[in-house]
Each structure stands twice: as structure tokens, then as C-alpha cells.
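Student: Take a look at the letters that make up each chain.
Protein chains: 2
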Amino acid sequence: MRFLVLFSLLFSVLMFPAAEARIRRYRWEVKYEYKSPDCFQKMVITINGQSPGPTILAEEGDTVIVELTNSLLTENVAIHWHGIRQIGTPWFDGTEGVTQCPILPGDTFTYEYKVDRPGTYLYHAHYGMQREAGLYGSIRVSVARGKTEPFSYDHDRSIILTDWYHNTTYEQALGLSSNPLDWVGEPQSLLIQGKGRYNCSLVSSPYVCNATSPQCSPYVLTVVPGKTYRLRVSSLTSLSALSFQIEGHNMTVVEADGHFVEPFVIKNLFIYSGETYSVLVKADQDPSRNYWVTTSVVSRNNTVTPPGLAIFNYYPNHPNKSPPTVPPVGPLWNDVEPRLNQSRAIKAHHDYIVPPPHTSDRVIVFLNTQNKINGYVRWSVNNNSFNLPHTPYLIALKENITGAFDPTPPPNGYDFVNYDIYNVANNTNATSSNSIYRLQFNTTVDIILQNANTMKKNDSETHPWHLHGHNFWVLGYGKGKFDNFSDPIKYNLIDPIMKNTAPVHPYGWTALRFRSDNPGTWAFHCHIESHFYMGMGVVFEEGVERVGKLPSSIMGCGKAKGLGGRP
Amino acid sequence: MRFLVLFSLLFSVLMFPAAEARIRRYRWEVKYEYKSPDCFQKMVITINGQSPGPTILAEEGDTVIVELTNSLLTENVAIHWHGIRQIGTPWFDGTEGVTQCPILPGDTFTYEYKVDRPGTYLYHAHYGMQREAGLYGSIRVSVARGKTEPFSYDHDRSIILTDWYHNTTYEQALGLSSNPLDWVGEPQSLLIQGKGRYNCSLVSSPYVCNATSPQCSPYVLTVVPGKTYRLRVSSLTSLSALSFQIEGHNMTVVEADGHFVEPFVIKNLFIYSGETYSVLVKADQDPSRNYWVTTSVVSRNNTVTPPGLAIFNYYPNHPNKSPPTVPPVGPLWNDVEPRLNQSRAIKAHHDYIVPPPHTSDRVIVFLNTQNKINGYVRWSVNNNSFNLPHTPYLIALKENITGAFDPTPPPNGYDFVNYDIYNVANNTNATSSNSIYRLQFNTTVDIILQNANTMKKNDSETHPWHLHGHNFWVLGYGKGKFDNFSDPIKYNLIDPIMKNTAPVHPYGWTALRFRSDNPGTWAFHCHIESHFYMGMGVVFEEGVERVGKLPSSIMGCGKAKGLGGRP
Chain C
1 MRFLVLFSLL FSVLMFPAAE ARIRRYRWEV KYEYKSPDCF QKMVITINGQ
51 SPGPTILAEE GDTVIVELTN SLLTENVAIH WHGIRQIGTP WFDGTEGVTQ
101 CPILPGDTFT YEYKVDRPGT YLYHAHYGMQ REAGLYGSIR VSVARGKTEP
151 FSYDHDRSII LTDWYHNTTY EQALGLSSNP LDWVGEPQSL LIQGKGRYNC
201 SLVSSPYVCN ATSPQCSPYV LTVVPGKTYR LRVSSLTSLS ALSFQIEGHN
251 MTVVEADGHF VEPFVIKNLF IYSGETYSVL VKADQDPSRN YWVTTSVVSR
301 NNTVTPPGLA IFNYYPNHPN KSPPTVPPVG PLWNDVEPRL NQSRAIKAHH
351 DYIVPPPHTS DRVIVFLNTQ NKINGYVRWS VNNNSFNLPH TPYLIALKEN
401 ITGAFDPTPP PNGYDFVNYD IYNVANNTNA TSSNSIYRLQ FNTTVDIILQ
451 NANTMKKNDS ETHPWHLHGH NFWVLGYGKG KFDNFSDPIK YNLIDPIMKN
501 TAPVHPYGWT ALRFRSDNPG TWAFHCHIES HFYMGMGVVF EEGVERVGKL
551 PSSIMGCGKA KGLGGRP
Chain D
1 MRFLVLFSLL FSVLMFPAAE ARIRRYRWEV KYEYKSPDCF QKMVITINGQ
51 SPGPTILAEE GDTVIVELTN SLLTENVAIH WHGIRQIGTP WFDGTEGVTQ
101 CPILPGDTFT YEYKVDRPGT YLYHAHYGMQ REAGLYGSIR VSVARGKTEP
151 FSYDHDRSII LTDWYHNTTY EQALGLSSNP LDWVGEPQSL LIQGKGRYNC
201 SLVSSPYVCN ATSPQCSPYV LTVVPGKTYR LRVSSLTSLS ALSFQIEGHN
251 MTVVEADGHF VEPFVIKNLF IYSGETYSVL VKADQDPSRN YWVTTSVVSR
301 NNTVTPPGLA IFNYYPNHPN KSPPTVPPVG PLWNDVEPRL NQSRAIKAHH
351 DYIVPPPHTS DRVIVFLNTQ NKINGYVRWS VNNNSFNLPH TPYLIALKEN
401 ITGAFDPTPP PNGYDFVNYD IYNVANNTNA TSSNSIYRLQ FNTTVDIILQ
451 NANTMKKNDS ETHPWHLHGH NFWVLGYGKG KFDNFSDPIK YNLIDPIMKN
501 TAPVHPYGWT ALRFRSDNPG TWAFHCHIES HFYMGMGVVF EEGVERVGKL
551 PSSIMGCGKA KGLGGRP
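So the protein lines, in turn, are chains C and D.
Following the UniProt record's numbering, the numbering of the first sequence begins with 1 at its first residue and continues without gaps.
Following the UniProt record's numbering, the numbering of the second sequence begins with 1 at its first residue and continues without gaps.
Hints listed in this document are in silico derivations from the structure and should not be mistaken for laboratory results.
Careful, some of the hints might be misleading.
Note: identical chains are not told apart, hence a pair may lie in one copy or across any two.
[As the list claims (entries may be wrong)] Below, simulated DSS-like cross-link-like pairs (lysine-lysine); rule was C-alpha separation at most 27 Å, straight line: (1) K267 - K282; (2) K549 - K559; (3) K479 - K457; (4) K31 - K372.
Whenever a hint applies, use it, and build me the whole structure from the sequences.
Tutor: Set out below in C-alpha cells:
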């Protein structure tokens, strides 16, 4: 007995050698509520009554425990911890169909994972299109005590940018699954930390739109003159690429997706769905007035969605005092050059470079296209449009369940030689499949995202791709068709930034490298909610044989119904 | 081996001794579609693209197999076979939370049950408020070959009456769960066999309302002059009590809830949600014109919902030719007397009387009231407002799962002496509970439904109560407070009709008797969708120890997660 106590003691010391890692416990209830984030009242999925949900605050090395109770009436739910690698806990990645069965109404599901790296992360629903219904929030992991960051600031604030629709996600999903496609169109508004403003005078009678609702008063960022603010700006738009700016103030980019950036100064931050940035802003302007914080749509010819507005409030001015100026206009929607340049400017901080392997073991090229399958509009990679299976891959593979998905490997590339990325494809047909990429464990994998023309002439969209369970090195961005001979020579192997989300720009390519060192099954997909829903994603498997015993809580659907697991 | 074959042969002969019972197999896909049943477009839950869903046609003794695939995106589903007793298959009653876990998106669930009695039955969703979203249809079981019915007719038609809302069921449910109550109000239209008509000129711009859509052309009942029609009229309204009539034609009531009725002639049929009737109508009027079929709201002071209209079309007049008359006006909404009289007039056909036991072993009185719990409006019986548990009772009881529900028995009655049913209660508080009534197996149980005033002065509603798994004898309807000494003497023990649904009229009482002879757990509840959602129901358990091994397909939720069962 005494020996056991001693052993336990020794064990806990070994497990938590440095400062005491803590447990951060949250109890969340997910349910519907009426909310008016842009003055227009609609049903929103909330966490403990909030959308955005509560911010998770933790320190590097802590364990986060979220006990999530699903209080929706007939709908299931699942939450993904965006940017957290889930090392050793691939079953808590929260990706319905990939790592878990959905959480039934009435059930309480406990997510438990370690936040092993400091930085700015997100969480959001990863089931159907529930993210768009308001189920999202911030995760802020500070550096371990005793460690420092390569920059300093006085205050720390989180701002999530989203776009917002008045239609329900059910209507949107049904429209996307219809033939002909019944697309919802551009969003009604842009929200800054859950607050936006729709012009209520456009609203016809039976709707509730209240321009004086405090729920849609602009978000206020109060600053003390002379102080420096770390703004953790992230995007969870369902569709839109955004530009974010603070009138009259420069921003210094210092972090991207949890990695320190070699600082550079910008006037506006281009940000794509799934990305997080920290920028430093000094309150160094005339303190007798307030300034506009604005966000506006880029990369789409969107004449519908007005810019999102917030107030950069110099204390002690009244927070509701509008700035005396007209809100500054954002960049030109179709000017790709500055966006490409900003993507290229993001490099690892010189003291925090993680050198990438100089060669890779496997290269996979993903041609991004819009397609038709039996008349239905879809998105695909390599003309393969992805469908989620009803038995999660992780369970199927770990428990040797056959027939859960198509075992044929999906294509490793496309017809590089003949495919014209600048025109609508001659044959826009695609096939749909739930097959996955099985990676050899502990190897180096290169991903080339290749953009192309959509089914509309002279149109190529921006797709932000998000990888679960990993950070990848961003080796390069290019224009036109990726050339496997000449382009890899130009890769940045010196100080590439590591990220979990990176855009592929219109008619361009993006080269990523990662190590398949995290046993599990991991989604990699366009973070535009409707694009993933319409097939723009893949799943990687690596070292699934090394995954520990699955918890029973993730079971219960498809062929994993009735399956046990560890308690 | 030979012996085994012989045994199997013998076995199947023993199982199906009379005319060959057949298997009626259906494959259904449940999904969302845009539909315009009353010209106004909204998302409807369909079966194989239809709402009402396909009619199940079977013969007494047949086995019905429905393979139901849930193609909703994030929502589960469950379907109840209303009026089918599920003898030996209590797990296929389709009542989420009582007899099964819900069916997950992507899953195919197979319902399999015997239709052991001829008659007119229904099916509908029994999960959340999905019934109101359009998930319902008819079951028509004909008498076994060789058997006859005590009436004759030339043609047989099914007509389901429903009321229809333009708000989604999510919005309705959220409103009902809000404090203050955000009630959706009276329905926008009444549908006759899935077709109604909303005045599109009332619709403001962003809605789609197309008055010329064929989906909302009136339902046409084409008749050949001189022929007799059996109309199987049933109601699945979410709220409304209805009157149904055919201009200029008498109707002879011959069946109620699958039981032959001593025929009687009416001008209008009062029908409550969950009831089914067969009426005979002879096409014996001037055949040179068409006639109106109308249905209108009674029992509520509803000035909003226009009557539902259909065409009684005398062949060969054009089916779309409007009758030359103004549609006849229905009965006065607040005249309870004719409704009470019609309820009392329904008696068993003299050749088909099933005599009730002359005494009962247990009497339970259910006081029907509207209440408040912590400020939230609820409905209750005996001031106990019912909540469904997340582990279905059948599974919890059969598998000895403890802690799935409150084991305290709910109250057997109310304070008969002091409670004033004619006024708003002094104390409208109630408690909520998921406790159930455990009945001794094979005993005779009397249920007295006692109506009372709601929380509004001078207001008492009609509640149609539906019992799963049984038919009950309707022993009597009365006015005022049930008197346990004087009223039972007046019970009809001679020729009471058996039914599965019976109304309790405003400020009145209804006395029912049934035998607890069907092992299982059975819901008994007000069939008004919102009233059950708000707590107006109970569950009976009887002989659960006699229930066979549960199928694994009903498992998977709450404490029944990970539980096995027979394949």
C-alpha cells in the first residue's frame, strides 16, 4: 500500500515535471435561443446562453475538460477544438463521422484534452452546418509560467469574425442539396465578436428586427491611450474571406495559428475562415475621439453584405460615441496581389523556427474544383467529392469494422498535363466517395493545394484549408499551375511558418508539409462551411494501430452502434 | 436435418394457421423538402418525397415491415404506429423515450409488427414536435379474407385532417420553452389530406407563396352518382378540434379507432387529434354539380384559421369546378353540447360488442390542468408535469438500469373535495417529473380524465387522450366534476365502444377502462402536440418482466448507450 502511494506520487511528478499543470473544467449546456446578433431575431445555438460561447482560458500544458450537455430537442451535436492537436486523444477531436458519433439530445459528453502549445485557438460545432447557427468560441492558451513570448503588450483581447445569415442552417443545407442548387447567397451581415448590424428597414413585417436591441450594439474595444493591445483576431466565417482594419492604426502581426511570427506591420489583416492571428496595436492616436474597427468581404464580388463595424474606444470617451469619420473602405475585393503578398509575408519568428524536413516521403496534389454529380452542384478534390460515412473512421479502423467506408484509395493527384485551371473544365463531372488517404506513420507528407476555375467563367474562389491534429509548414504560395519540377526549388525551408489553416488563392497553389506523427484519423478540408458540406475535404489516417483504447462515449452510431469501449 | 425442416414447416403452419398472412414491406427515406401544402413554401419532413407519407395497406394478421432510413442532416427520428397495439413487440411502438432510442441520421431502423385487427390507423413521428413538420400518414387494415364487415360500400378513401403552421417546429418548441411563453398562436390553415389554402396576399415579400401551385389545389374526392363511399376520416391536428362535413350529404358513422360502431347518421363529424372514423357517404344528391367538403375549428375561439376546403366531385363534372354555393359554415365553436352528444352516441355495433369487465381493480383520476413551474407555462395531470427521460423506460426496466427515471409513483388523483374545476386554481404551481404508473399485470384499470379551468378565466380546453398499446372501453362522458359515488353507476357497461383516443370535453370528465394485458411501457397523453411537449402525459408499465429480449436496434441513448440486445 505504502509502495503504491509512493509509486503514484512518483508517477504524478514524472507526468507533471514543471509548473503544476492544471485542470480547466467547463460545464456547457448547448441549446437553442432567440438572439439578435445583427438586430434581426433568429434561432441561435448557444452555449450557456451565449454565442459566441464562453472563452476557454488555459495555460500551456493544462488539461481542458468540457462536460457538454446537449439540450437541443431532436438534434445531435459535436464540437471540434480547432488548432488543438489532440495528441494521444484523437477521439476527442470532435469531428462527427471522423473521430466520434454525434452527441444525442439529453446526453452529456466529456471532452478531455491537453493544450500542449500556447496560442490562439477556436472551438466550433463540427456536425452538419451547426457552426453557422452560432455554436463557436475562443480558446486562449497562455505560455507556461516562467516562459516568455517574443513580444510584449499590456492587454489581451479575443475577437472572432463571422458572417451571418438570416436563413436557418436547415434551409441552407436543403438548398445546397437541391437540384437545381438553391444557394442562400451572400450573408446578411458580418459579426465582430458576435455583434453586427442589419438594416432593419429592409425587413418586412412578420420578422423581428430591433435596431435598438443591446444585442446588436457595436462591439466596443476600449483602450487606454499609450497602451499596447494584443488582439487575437480569428475568423469563423461560413463563406467570406475578410479584411480587418482599425482606422488610423497600424497592426503588427506576431502570431498565426499558435505560432510566433517574425513581426511585420500591416494596415489591414486579410483573414480566412479557420485562421487565427495575434496583432499588436498601440493606442497611439489622438485620444480625444473613437475610431472605427471594420471588417469587409474580399475575394467575392459581394455587393450585398455591408462591412462589419466596431468601436475602437479611447478611454475616457463614451464607448457609444461614433467616430467623427466615415468608416474606412476595405481593399478591392478582386485584388489578389496584396492577399498573396500577406500570405507570403507570414514567416516563423527567428527565435522560434521549427525547421521542416528538407525532403518529403509523399506528395499529394489536391485539385480544388466545383463539379456536378447527377446534376447536383458539388465541390471536390481531384474530382472526388467527399461524403462523411455514418460510422466514424477512427472507430471503423480501430475496431476493424469492415464495410464502413470505401477502402479504395482516393486519387493522389489529377491530370496535371492536360487540365486547364483557367477555364471551366470540359467535363465537370465528379464522383462522390468516402474513401480516405492512409499515410505511413512518421513520414513527411507534402500537400499541394491547386486552385482552378469554378463552373462559372473567369471565377476562382479562395479556399482556406484546415488540417486537424497537426500543424503544417507553409512552404510556399504561387500563381497558376503548380510545377512539380520548378516550384519546389522555391520552397521556403528556412523559416516557414507553421499553421493549421492556409488559403489557396484564386488560380493559385499552396504547398504544405507535415509529419504524419499523430496516430488517428484527421480531417483536412476547406473551412467554408458549405464547401465542406458539398464535398471539399479529405481524411488522413496515420498510425491508427497506435491509438489507445477508444472511449465508449464516442460510440453509438452506424456500425459502431452497441459497441463498447473503455468507460 | 430432415427433422429440422419438418419442424420448421410445422412451426410456420402453427404460426399462420388461417389464410396466409402476408408480409407488407416498405422502404422509407425520411428527409427535408420544400413543400407548399397550403401554397406557402416551408421545409417539410417527407417520406419518400411525400407528406402525408405513403399509405400502409395491409390485411388483418399481416406483418408490416418498414425499413426507415433517416436522411435528415443532424436530427434523429422515431415513428409511432398509432392504434396498433404491438402485442409481443412493445419495442416497435416508436415512442422516443418510452420504447426506443431515436434513430440517428444515416441509420436504417426496421420496424416490424403484426396488424392484428382490421381498421383505420395512423402513423406519425413521436419525437420532439416532428409530427407537425409533416411526418405522418395512414394505415388501412382490411378484414381478413372470408370475414365480413357489418356494412357495405363501393369505394374506400382515406382522409387525414391536420392543422398547419408556417413557423418551424423548432421555433414553436423554443417559444413553448420560453419564459414568458412565446406561443405560436392559431394555425395558418387546415389541411385535408395534405392540401390547404393560405391567402398568399397576406404574405410579405421574402416568403414564397404561390396560389397557383398544384401542391395546394384543393383535395378532390371524385364520386360516381349512386355509389357509396367509405371515408376513413382521421385527425392529426397539432392543436385544433375539428368539425368535418360534406355539403348536402349525410354521413353514417360505422367505425371508430378500428372498432365497428352501431351506425348513426350525422351532418357533421366532430373529430379530435388522434381519432379515426369511417363514415359512409352515398353520392345521392344532384349529380350535375360539385359540393364542398369543409373542416373548421371548434372548441377554440379561433378567428384566424379559415376552414379547410376540398371538393366532393360528382363524376363527370370537372374536378376543379367550384361548387356554385358558398361553403357551409361549421358549428359554433363554443357549443359543447353537440360535441358531447356525439361522443356519447358512439357505441359498439351490436354484433361486435366486447363486454367490459364489470368492475375494476384500480381507479386513477387524471386532473387536466395548465400550470406554471418556475414561471414557465406547462400542462400537467394531477399537478405533475411530465418530462420524457433520456433512457427509454422499456429499456431501463427490462435491463434493470437504475437512475434512469424517478421511481416514486406519481399521484393517483387530486384533491377532489377542495379543487374547484370551474376557476383558475388558487395555486397553479406544478412539479415536473418523469415518474410512471406501474400497473399490476392483467388487471382492470379505470382512468377518469377530469377537465378543469386553464390559467385563463372561464376557459377550459378539449384534450384528446391517446393510449398506446391498448384499446379502452369508453364508459362515459360527463359534465362537471366526476363523482366517484354517483357517476360510475351511469357507466355504459352494455355496449361501450372501444377506442384508443377519446376527448375530455371542457369542464367535463371522461371515464375509460382497459385491461393491463400487454407487457410493455405505454404512453398515455394528450394528443395535442404542444400539450404533450409541455407535460400533459403519463406512462404506464405492465408486465415488463414478460417482455421478450429487446432488439439492439432500439438501444444507443442515455444509459442504454453501448447496450447490446438481440440482433
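Student: Determine for every hint whether it applies to the structure shown.
Tutor: Hint check:
1. K267 - K282: within (13 Å within a copy, 82 Å between copies)
2. K549 - K559: both (17 Å within a copy, 21 Å between copies)
3. K479 - K457: within (18 Å within a copy, 74 Å between copies)
4. K31 - K372: Cα proximity of K31 and K372: across copies only (21 Å, versus 36 Å in one copy).
In summary, the structure agrees with every hint in the numbered list given earlier.
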